[in-house]
Amino acid sequence: MFSCCEIGMMTLKAVNLSYEDNKSVLDACVLLGLCLLESIRVHLGRKGSLSDYGWQVILSVFITIPCICGVIFLVWKQTHVLKLEYILCALMLMLQFTELVFATIFLFSLCKQPTYE
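All residue numbers for the sequence shown refer to the UniProt record's numbering, where the first residue is 1 and numbers rise by one.
It should be emphasised that the hints constitute simulated quantities derived from the structure, not laboratory data. In this text, all values refer to a predicted model and were calculated from it rather than measured experimentally. Incorrect hints may appear among the rest.
Claimed, not checked - Lysine-lysine pairs mimicking DSSO-like chemistry, simulated, CA-CA at most 27 Å apart:
hint : residue 1 : residue 2
1    : Lys13     : Lys77
2    : Lys77     : Lys23
3    : Lys47     : Lys112
4    : Lys112    : Lys23
5    : Lys112    : Lys13
6    : Lys23     : Lys13
All chains should be built: construct the whole structure from the sequences, respecting the hints.
Here is the structure:
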């Protein structure tokens, strides 16, 4: 949903607003890279959790950090930012930070010694 909304808003801005020095190409490349990274991250997370391969889940958690940087770029460094983009990016950042917190808790729970009572 995030990707579809962002691509739609990027198209709207490209048609209606003026950009200087091909800044729209940079914005579009960042958005395309973010969509690609998010797709890879979600795929690795699902595949890793369903097949019990821990390295895929850990890689998915590490890919979250560049995804957060991409969303922050869309909010602060993009040439034109709509109010709807602020809302969607804030929601996306909250979800990604929540994922990082729960992933950290999960990784710490894996390191605990099992207790048998």
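For each hint, the structure was consulted:
{"no.": "1", "hint": "Lys13 - Lys77", "verdict": "holds (15 Å)"}
{"no.": "2", "hint": "Lys77 - Lys23", "verdict": "holds (11 Å)"}
{"no.": "3", "hint": "Lys47 - Lys112", "verdict": "holds (24 Å)"}
{"no.": "4", "hint": "Lys112 - Lys23", "verdict": "violated (49 Å)"}
{"no.": "5", "hint": "Lys112 - Lys13", "verdict": "violated (50 Å)"}
{"no.": "6", "hint": "Lys23 - Lys13", "verdict": "holds (12 Å)"}
This entry does not satisfy hints 4 and 5, going by the numbered hints stated previously.
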